[in-house]
Every structure is written in C-alpha cells, then in structure tokens.
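Just so you know, the protein sequences line up as chains A and B, in that order. So the first sequence is residues 1 to 378, counted in my numbering. So the second sequence is residues 1 to 306, counted in my numbering.
Warning: the hint list may mix true and false statements.
Claimed, not checked - Some chain B residues close to chain A (C-beta under 10 Å, calculated; not the full set):
#1 D36
#2 G40
#3 A44
#4 D162
#5 D164
#6 M203
#7 Q207
#8 G209
#9 E211
#10 F213
#11 P219
#12 M220
What the hints assert, rightly or not - For each label pair, taking beta carbons as the anchor points, the in silico distance ranges come out as:
#13 B/P77 / A/R110: 17 to 27 Å
#14 A/F118 / B/A14: 38 to 48 Å
#15 B/W297 / A/S178: 35 to 45 Å
#16 A/L199 / B/S208: 58 to 68 Å
#17 B/W176 / A/L199: 30 to 40 Å
#18 B/A14 / A/E345: 26 to 36 Å
#19 B/L39 / A/G148: 32 to 42 Å
#20 A/G148 / B/I11: 55 to 65 Å
#21 A/R20 / B/L99: 49 to 59 Å
#22 A/R110 / B/F10: 30 to 40 Å
To be verified - Computed footprint of chain B on chain A; a stretch qualifies when at least three of its residues, placed anywhere within it, have a C-beta under 8 Å from a C-beta of chain B:
#23 59 to 73
#24 96 to 104
#25 140 to 146
#26 351 to 360
These are calculated hints, taken from the structure and not from any lab test. Just so you know, these numbers come straight off a predicted model, no measurement behind them. Beta carbons: idealized from backbone N, C-alpha and C, even for Gly.
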Amino acid sequence: MSKIVLSGIGKSFGDTPVLRGIDLTVEAGQFVTLVGPSGCGKSTLLRILAGLEAADTGTVMIGDADVTRTRPADRNLAMVFQSYALYPHLTVAENMMTPLKLRDLGLAGRLPVVGPIFARAEHLRLKKQVNRTAATLKIEALLDRKPGQLSGGQRQRAALGRAMVRNPVAFLMDEPLSNLDAALRVHMRAELSELHRRLQTTFVYVTHDQAEALTMSDQMAVMMNGQILQYGRPAHVYSAPASLEVAKFVGSPAINILPGEINGTGGLSVMGKALAPDTQLARQPVSVGIRPEHLTLDPDGPFKGVIRHRENLGSDIFLHVQIAGLERPVILRSHPKVLAGTGLEEEVTFSALVDEVHVFGADGLRLRVARPSLVEVA
Amino acid sequence: MPGSRAYLWFIGPAIILMVLILLLPIGIAGALSFTDYSLGNTSANFVGTENYERIFTRTTYEKMFGATFRYVFVVVPLTVLLGLGAALLIHSLTRFGDLYKTIYFLPVMAALIAMAIVWEFAFHPTIGIINATLERGCGTWLEAWDWYAAGCDRTFPLWLTDRDYAIWTVAFIGVWQGFGFNMVLYLAGLTSIPRTLYDAADMDGAQSGWERFRLVTWPMLGPTTVFVVTISFIRSFQVFDTVEAFYPQGGGPSKSVYVMMFAIYEKAIQQNLMGIGAAITVVFLGFVMFLTILQRWLVERRTHYV
Numbered sequence: 001m002s003k004i005v006l007s008g009i010g011k012s013f014g015d016t017p018v019l020r021g022i023d024l025t026v027e028a029g030q031f032v033t034l035v036g037p038s039g040c041g042k043s044t045l046l047r048i049l050a051g052l053e054a055a056d057t058g059t060v061m062i063g064d065a066d067v068t069r070t071r072p073a074d075r076n077l078a079m080v081f082q083s084y085a086l087y088p089h090l091t092v093a094e095n096m097m098t099p100l101k102l103r104d105l106g107l108a109g110r111l112p113v114v115g116p117i118f119a120r121a122e123h124l125r126l127k128k129q130v131n132r133t134a135a136t137l138k139i140e141a142l143l144d145r146k147p148g149q150l151s152g153g154q155r156q157r158a159a160l161g162r163a164m165v166r167n168p169v170a171f172l173m174d175e176p177l178s179n180l181d182a183a184l185r186v187h188m189r190a191e192l193s194e195l196h197r198r199l200q201t202t203f204v205y206v207t208h209d210q211a212e213a214l215t216m217s218d219q220m221a222v223m224m225n226g227q228i229l230q231y232g233r234p235a236h237v238y239s240a241p242a243s244l245e246v247a248k249f250v251g252s253p254a255i256n257i258l259p260g261e262i263n264g265t266g267g268l269s270v271m272g273k274a275l276a277p278d279t280q281l282a283r284q285p286v287s288v289g290i291r292p293e294h295l296t297l298d299p300d301g302p303f304k305g306v307i308r309h310r311e312n313l314g315s316d317i318f319l320h321v322q323i324a325g326l327e328r329p330v331i332l333r334s335h336p337k338v339l340a341g342t343g344l345e346e347e348v349t350f351s352a353l354v355d356e357v358h359v360f361g362a363d364g365l366r367l368r369v370a371r372p373s374l375v376e377v378a
Numbered sequence: 001m002p003g004s005r006a007y008l009w010f011i012g013p014a015i016i017l018m019v020l021i022l023l024l025p026i027g028i029a030g031a032l033s034f035t036d037y038s039l040g041n042t043s044a045n046f047v048g049t050e051n052y053e054r055i056f057t058r059t060t061y062e063k064m065f066g067a068t069f070r071y072v073f074v075v076v077p078l079t080v081l082l083g084l085g086a087a088l089l090i091h092s093l094t095r096f097g098d099l100y101k102t103i104y105f106l107p108v109m110a111a112l113i114a115m116a117i118v119w120e121f122a123f124h125p126t127i128g129i130i131n132a133t134l135e136r137g138c139g140t141w142l143e144a145w146d147w148y149a150a151g152c153d154r155t156f157p158l159w160l161t162d163r164d165y166a167i168w169t170v171a172f173i174g175v176w177q178g179f180g181f182n183m184v185l186y187l188a189g190l191t192s193i194p195r196t197l198y199d200a201a202d203m204d205g206a207q208s209g210w211e212r213f214r215l216v217t218w219p220m221l222g223p224t225t226v227f228v229v230t231i232s233f234i235r236s237f238q239v240f241d242t243v244e245a246f247y248p249q250g251g252g253p254s255k256s257v258y259v260m261m262f263a264i265y266e267k268a269i270q271q272n273l274m275g276i277g278a279a280i281t282v283v284f285l286g287f288v289m290f291l292t293i294l295q296r297w298l299v300e301r302r303t304h305y306v
C-alpha cells in the first residue's frame, strides 16, 4: 500500500492547456473521485497517473518512487476503462489471465499451446488466481464466454476481474459505470464501494456524475478547466462548496443561485429581503446559493412565486417556482403530502433556512459568514 | 394485406437482374462446357465430359494448373505480408503517411498493361536496367554467391524468356502491383482497432511492440486478414494482363506462364473453341466459389467476435 502524490501536473494538447498545475495526494487505501464536466481534464489526469499519457510538467510519485518516466506496465496499476476494453477474441478467463501471463511468465511459458506444458506449475497457479478473483466477483459462470456474449453489467465485472486479478497498487477507473443503464449503475455503485471496503486498496475513480462521487468516495476532487477547485470529503464539498462553480456542479437538482447583497452594517439580503442581520462582511454584491431542501413552503415566508412545474418523485416533490425578476425558476423540495391540492400556476410563499445558505463574492469564491449571528428572519 | 403481391415489386428487379447478368451466363457457360460449340456456329454437338477429361489429362492443362498455382502461392503470401508490413509502418508514422500511401498505391491504380511494357524494358537482357545493374556487381564480394558468379561468367538470366525464371518474374510483378491494395485494406482495419485496447494492453504489462501486436493488433485484424487473403487469392487466380502483354502468343517459354485466365482467353477467343473455354471457366468458377465459401465460413466461425 502506498500513497500516490501528483504534483504540479501540467499538460497541453497543442495550444490548448488541459491541466494547469494539478496537485493531488491520494492516501493509501482511499477511494478518491475526480469529478467534473466533460473536457475538464479529469480523464487526462488519470491517464497521466496511469502512464498512458506523459505530463508536460510535474511529477507522479507512487510510494517513495518517482514514476513520472516509468512505463504503465511497470507502475503496477490496474485500469478499468469506460468501454471496458476487453480483448474480444479471448474468453473472460483468458482476458483475466493476460495481465498475469505478461507479468509472471517467461517467454517460453507464454507460447501458445506449448506454453502450459513448459511452465505447468506456473500456469496452474495463475489459473487458481483467476478462479479466486472470479469467485469474488461471482463471475465463475462467465469464464468461458467471450466478451461479445456478455451483457453490459457482465462485461463490467469481467473488466473489474481483469484489473483485480494481480493485486495492483491502485485501481484507476475511467467512468466505468457510464455505459450501464440507470438501475444497474445504482446497483454497481454499492457494489464498488463494497469491493473497496473489502480490498482495502486505493481507488482513483473518474466520473462526470456528481452522484457517483458523492455516494462512493472518501475524498472527491471537483475539477473544472484543468484545475482542482475543491478537494475534500463529499459531505464537506456538498455542505460547504468552496466556490460558486462547485456549488452549481455538486447536487441534484442544482443549487438555486439568487442575487443578494451585504449592506453597510454587514446585513445579508436576498432580492431585497433581509436574511441575516450581521455577517461581519464588507458591503458588496453577492450571490447566494440555497439548496432545494433548504427552502420550505411557509405561509409567512418572505419569498413569493408562481409554481411553473412540479416533479413528483414519490418520496419528494420538487417545485419549480418562478419569482418575479428572476430569469430561472427557483427549485424547492417538499413532501407530496404537504402539497396535496396545490396546482400549477398557483402562488406560493416560502422561506429559507438561513443557517444553510452559501454566500459567494463577486469573484465566485465562498465568503465566510459569521454563522452564530445568523438568525432566521421570518 | 394478406394475399398482396406487393413483395414481387420489391424483390423482382433484383431477381431479374441477378438472373439475367449472373445466373443465366453461368448456366450457359456450364451448358456450353459439355459441347464443342464455336462462335458463329448455328449448332453444336454434345460431347459429354470430354472437355473436362481433357483439362485433367492433357499436359497443356497440367502446365496451366502448374503456372496458376505457382503464381498464386507466391503472390498471395507475399502481397498479404508486404501489405500488412507496409500498413503497420505507415500507421506508425505521424507525418508523410499519406505520401507513402500514395506511392505504394500507385501500382494498383496504374494500368497494368502499360506497366508491363515498362517492366519488359527493365527486364530486357541487354538494354534492361536490371541486368545492367547486376553486371556492375561483378568482380565484388557478391561473386561469392555461386548464382551471381555464374551470371557474371556467362550472362544474367533472361528473366522473361527463360522458362525457369519466367513465372517467378511475372509473380514478382504481381506482388509489386498487388500489395498496395492489401495495404489499403489493412490500413482501414488498423484504424478501426479501438485505442483503448492498446491502453489496456499497456496496463496489463505488454512491454514490446511485438507483445502488443500479438495481443491486440493481429487478432483484431482477423476479419480483415480473412478478407484480404480471399481477395488476394481471387485476384491472383484472375491474373491475365501481364501474361497477355509479355506473351501474346502461347503463354510464355514452354507454356510456363500459361495461367488459367490466359488459357480461357486463348481457347475461347483466339482459337474459338467455346466448349473447352467454357469448361476451364467452370473449373475456375469452382476454385473461386470454394474460396468464397471458405471465407464466409471462417468469418462466421473464427473471427466474428461480437
């Protein structure tokens, strides 16, 4: 078990900078997610870590070794690809055997047909290893099939098996779930977390789906435009986003951003409604982020709007409420029972949980608000 | 609509065309091969399997099969291997790939009959560039090679008119002309191999180019290879224009370059012996049919991965 340290990683494709000085430390055994919109450089970063791509600047350390110039094969990392990249002409067992063969067998042992005779003991050992991994993943029944005869989920497992079979230093996963259907994806999320707990190995997981990052990882790094905007525990990233961009990216439905301002005495107001008396901040225009679950229907609430759309998920209901003077409707979460009888185009009033609002300055960075002084203004 | 005949309008044109321009001519050729028909005759005599007996007993046809198979079994492996080699080399280039593609593909596009005249000059025993070049090597270490020394002593081979060399020389031109075509097919095959498979091979520990080739490139080119080999076989069985250009009379020295296509042409067109010409055609069709069926079988059984 060794920790992985990326420092000062920069990479450009032609004139386009893709990564701008990335520093990232992955502690041994952690499940770290790199999450961001497409084109943010997260896959490139993973490929640099794997050794499939060379960084223009910076170093990659695994344990105490500098592997910046080391071939992928010698880094002892395993990768699961979005397309699974199983060898289509080999059975699942042969696919899983491949990394073992290439690493552990000499030239003679690798020969087709006669190889198993030359290195009989070796072959039996490797076969046992394949069977053990297959048992862990419950894919023993698939071992003799070719990838073309498998479903998406089964291929996913076979690809995992090929990665697991040789006990690598870390698993690198490049959007491994994005080719699966929604139900299977949710199921595999749980299974991957379970696998991580069991193997106790480092996972570096790339995804564009913030839900995967929030649900599975120990640490998540939110990337945008080739930079890491925030690195921390998912709960922390969700509850204290470091910038407006992070706040908008993490969470579904997305956070509501309302225009607000800090007045001369440090009081915070949103759309002219006072929210907090003293934030101890200087006078400035701000953006206020409020998550849908922190808005509540309230007959005496300060905000007023018309329901434009309702999304009933059964357990929750999301209302899209149009407030006069705002371009986009505000989304608020409620319970279907609360809303029984409330129809479209009706006017509702609501209030915000002041303890949970996020305040961002004009530069998009989070402003530290003096929490204790915040009191809900009815 | 039950009972509707609309389907006839959909399949009708295709069936009519196929019968008219493919099946009917094959049927007629098959029928003619059992007769002694000549073009212009109003009638013909049924001769049974006499034409076929001749093909499989007379020495002329023995030479025909000999020349054809020599040509095919030199040209097919060499064009396939050279095509694959050239494609791999060009595929690995970052620049000038298009230039090389054009250069190697030029012989394929050029009219072979015109190229044959150029080759005829090049192989000319006295004024040809090839023997002239070989003579320059006389007196050097090259003479350590017996064949070379003998060439210097007397004269270098009369490439096109020596019966020991003629078919190999024609085969050489066939290779020169044909491998560019296979290269293009292999290039198409190479571009369709997903990049991630090479990434996976790298992660799995493939160190050398050879390991990557064994693990990814060669298996993934399987369907291409089956197609390339089949098309090369068919194209080499069809060789005609070089033979016709070099030896318009009679198929080379001692009929050593008397390939099937030329035999069909000579018998059926030059000598107006339609019956025997049709019989050779049917045998030829049999070869090509066998190869095509073999290809289908291989593609479906062995290399159809998905």
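(message) Output the indices of the hints that this structure fails to meet, ascending.
(response) 1, 2, 3, 4, 5, 8, 10, 14, 16, 17, 18, 19, 20, 21, 22, 25, 26
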